[in-house]
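Enquirer: Please arrange chain B on chain A, whose structure you already have, making use of the hints.
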Amino acid sequence: MLGQEQVRRLFAEALGRSRAEQTEVVLLSWDGALTRFANNTMHQNVAEHEAQVLVRVALGKRVGSAITNRLDPEALERAAAQAEAAARATPEVPDFPGFPEPQTPEPVLAFDEAVAAASPQWRAQQVEALLRVAREEGAVAAGALSTGVHEVAVANSKGVFCYHAGTRVVFSTVAHSDGASGYAERADWRLEVSDVVTLGRSAVERAKRARNPREIPPGTYPVVLEPYAVQDVVGWMASAGAGALAVQEGRSWMNGRVGTRLLSELVTVWDDGRDPDGIPVPFDFEGVPKHRVVIVDRGVPRGPVYDTQTAAKEGKSSTGHALPRAWPEAAAAGPLPAHVFMEPGTATLEELVGRVERGLYVTRFWYTRLVHPRDCVVTGMTRDGVFWIEGGEVAYPVRNLRFTQGYVQALASVEGVGVDTYLLGDRFGAYRVPALRVAEFTFTGATEF
Amino acid sequence: MDELVARVLNAAQLAGAAYADVRVVETVRQAVVVRNGAVQGVNWTEDAGFGVRVVADGAWGFASSYRLDLEEAARVAQLAVQIARASALAKREDVDLGPPVVQRGSYRTPVDVDPFQVSLEAKVELLLRADEEMRRVRGVTTTEGELVFIRQRKTFASTEGSLLTQEIVESGCGIQATAVRDGEVQQRSYPNSVGRHQQTRGWEFVVEQDLVGNAPRVAEEAVALLSADPCPEEVTTLILGGSQVALQVHESCGHAIELDRVFGAEAGFAGTSFLTPDKLGNFRYGSEVVNITADATVPGGLGTFGWDDEGVPAQRVDIVREGLFVGYLTDRETARRLWKLLGPSPYVTGESNGTSRASGWNRIPMIRMTNVNLLPGTWKLEDLIADTDRGVFMDTNRSWSIDDRRLNFQFGCEIAWEIRNGKRTRMLRNPIYTGITPEFWRSCDAVCDATHWVVWGTPNCGKGEPMQVAHTGHGAAPARFRNVRVFGKG
Chain A
138 MLGQEQVRRL FAEALGRSRA EQTEVVLLSW DGALTRFANN TMHQNVAEHE AQVLVRVALG
198 KRVGSAITNR LDPEALERAA AQAEAAARAT PEVPDFPGFP EPQTPEPVLA FDEAVAAASP
258 QWRAQQVEAL LRVAREEGAV AAGALSTGVH EVAVANSKGV FCYHAGTRVV FSTVAHSDGA
318 SGYAERADWR LEVSDVVTLG RSAVERAKRA RNPREIPPGT YPVVLEPYAV QDVVGWMASA
378 GAGALAVQEG RSWMNGRVGT RLLSELVTVW DDGRDPDGIP VPFDFEGVPK HRVVIVDRGV
438 PRGPVYDTQT AAKEGKSSTG HALPRAWPEA AAAGPLPAHV FMEPGTATLE ELVGRVERGL
498 YVTRFWYTRL VHPRDCVVTG MTRDGVFWIE GGEVAYPVRN LRFTQGYVQA LASVEGVGVD
558 TYLLGDRFGA YRVPALRVAE FTFTGATEF
Chain B
4 MDELVARVLN AAQLAGAAYA DVRVVETVRQ AVVVRNGAVQ GVNWTEDAGF GVRVVADGAW
64 GFASSYRLDL EEAARVAQLA VQIARASALA KREDVDLGPP VVQRGSYRTP VDVDPFQVSL
124 EAKVELLLRA DEEMRRVRGV TTTEGELVFI RQRKTFASTE GSLLTQEIVE SGCGIQATAV
184 RDGEVQQRSY PNSVGRHQQT RGWEFVVEQD LVGNAPRVAE EAVALLSADP CPEEVTTLIL
244 GGSQVALQVH ESCGHAIELD RVFGAEAGFA GTSFLTPDKL GNFRYGSEVV NITADATVPG
304 GLGTFGWDDE GVPAQRVDIV REGLFVGYLT DRETARRLWK LLGPSPYVTG ESNGTSRASG
364 WNRIPMIRMT NVNLLPGTWK LEDLIADTDR GVFMDTNRSW SIDDRRLNFQ FGCEIAWEIR
424 NGKRTRMLRN PIYTGITPEF WRSCDAVCDA THWVVWGTPN CGKGEPMQVA HTGHGAAPAR
484 FRNVRVFGKG
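Just so you know, the protein sequences line up as chains A and B, in that order.
Take any residue in the first sequence, count from 1 to its spot, add 137: that is its number in our numbering.
Take any residue in the second sequence, count from 1 to its spot, add 3: that is its number in our numbering.
These are computed hints drawn from the structure, not numbers from a lab.
Ideal placement from N, C-alpha and C gives every residue a C-beta, glycine not left out.
Wrong hints could be hidden among the right ones.
Per label pair, the in silico range of CB-to-CB distance [what the hints assert, rightly or not]:
no.	chain 1	residue 1	chain 2	residue 2	range
1	B	GLU291	A	ARG398	23 to 31 Å
2	B	GLU163	A	ARG564	34 to 42 Å
3	A	GLU352	B	GLU354	40 to 48 Å
4	B	ARG156	A	GLU211	16 to 24 Å
Looking at chain A on its own, in the form it has when it is part of the complex:
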């Protein structure tokens, strides 16, 4: 971990070595480790210490960027020179609004000393305790437990400086039993919420219940989606259409639908980078404080999230959702939600199941891909436990199914929302989502397992 003062000195060095009119510097660091297990043994156990400085310069409306993971003065000067050379070789970006003016994000606590101090031995003990459960139950467990500290900091030549250090612990496991499987996953910034053994036991129990699955034909069924599956639904809606660039280019599910009822009134989704019930980061990669943005309010789309460039195009202010603009792929993605919450309801999982006469209970989705953006049509597979519901009760396991489903239509037919939420990790943040009961979900293919 570098720490705020070392980062401040590093940024002063980097900004001082740039001769451009405007310069922006972003630091991303990760000091973490991951213990991986499979076949009831630890098979990969790794540690990583990485830091990266992203430099972006503007010469008028000409913009260039460079990235280095060497933090010595010569490397920072080389990066600044490369960024300037890139800007000089580039025509003007007509809608480049300049780097943001200074704003002061309120710090948010997301650092747990216990996570930062987690040792290889601690991770091994946690994993070994889980593997003992699996062995006792005749199951075979695989998965990963990671812990670490990340730092993100942003400064620019207009006076922006912000720094955040946070911890992150992520655990996931797939337990196998006689060819069937179960799953459990959680992410958090606090150590005490990550009960590896309890989660592992739930995956083992799910795997045992999923043994000897029966075949059912593809078709349209009512479903209860566990939060793992719901993260996929909400995640595609967020990444494929809740950023301003997608809306401005007309390829979002939101286009022409903002302000009108589109989804079930039980569906409310927002992004809040400051909520400690997520994995908070108080500012984006341009140094703009993160604002709470309601994306869907009781079924009505309210609008996307913005970065500085997409906001300027509409005469608005950034909502604090910029990706690292020095990354080439960020240009195509535009701003995106990263700390997503779906409002829980009042029903327990048993109550959600209890309202289904004949339908399916789905643990999670796998390998999902966007087929068509307008209605957020996605295809993918079920995985790690699918069950037939009969008369309001989970009756028996069934074989996995392929689905091809408009997630807009799925969220329009939500009839029940779970009271409990899971916090699940994502690349830049996390999702906290409940279980859902959906009236119609279309499965288009079957498997042999």
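Expert: Frame of chain A; chain B shown alone:
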């Protein structure tokens, strides 16, 4: 660098490692992204660090750092040993790497024109010209173009005595046009989708693709797709373009033959495989025209190198021979394990076939595809279409999904044409096909010849935790499949 490598190996052995290797990796990457007539990003990235892999107390440990100094070298080596000892708390058997591998030498990607010697201005101009050609077409709403150049220098050394240096150069390029009307969104890409096509070659690769010359067609097809009929739902004959065949090989064969995956190492994330060891040498994977190799020596492939990240030399091995499943991708540990499981046979040597690769200095090497190639057949594409009474020709991937055992797949393509009476007729939009891997490959009755064969680059292959994005290659030509279920948007 030699001093750092020596310090790592010494420190690891002093800390108790029975085996250690170190990779020092330095990468420079240049990318240019153009969007809607404006340069959205010109980026230069340098990245360096080292990773240390050890066996101590019979178990693996790995640690890595971006700090290339001697003090850090010793700290990271000792940390790797500490981690290995923690791993040993839950080991069931000792790591067995088989006989030592001792290799010395150097390898360099052959290039005609070093892409880093071509001016940035020339690269920007090329993309802007292609972008302008696309935007001339009425109805296009978004245009994109991308160039990527990578130079990676690697040093590998092990306590067994290997010392290797390699310089790998990659060049990639792509353009894409999107048209939107009345809620319909259509796109066309060239030479491939998901950003770009890429090879281990120099600037000459980009020149050969002729982005500017292809730009008008790409844009016109994107607009034409808005008015095209949806792909009808039917069971029919399917002809796939070469880049889609490459992806089909990647997903339904390449991942399924990773022996670590077969042994369950990826069960917690990417999944397992239907190609279990009992099928080796006796399972009919495809029809007799299906011949697949893993070939790290083919020129231009993204999986082409001198040695893998365990120091095992690049090689070509058979995976599917005349439809029969005959080989896996292996590393030192899994090759040994397979040999212990099955004993020696024409398909089991006990030695790695050189596919252990790490995505960077901060990642552990694992089995990754090299260039998994469908070997060319005998057909010309025109003859293949002429030989087809009724069917659909699909090209360029748009979406891909496959289950965690690599059996049930569904792929969408950007574009299709109906085939009637041996002729390519009306254009079809949102085409999708689905199937079960061995049934699909057994239904393959024709593969086009070497004149259609391209080593496609897949620079976005994900596997492992922490995630590793590998660059893999797939030689492929258009191919025909019978009795395939196709449909429209779903």
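Enquirer: State for each hint whether it applies.
Expert: Checked hints:
Between B/GLU291 and A/ARG398 the Cβ separation comes to about 57 Å, which falls outside the hinted range of 23 to 31 Å. A hinted range of 34 to 42 Å for the beta carbons of B/GLU163 and A/ARG564 is consistent with their spacing of about 38 Å. At roughly 42 Å, the beta carbons of A/GLU352 and B/GLU354 sit within the given window of 40 to 48 Å. Our hint of 16 to 24 Å for B/ARG156 and A/GLU211 holds, since their Cβ atoms are close to 18 Å apart.
In the structure shown, a violation is registered for the earlier hint numbered 1 alone.
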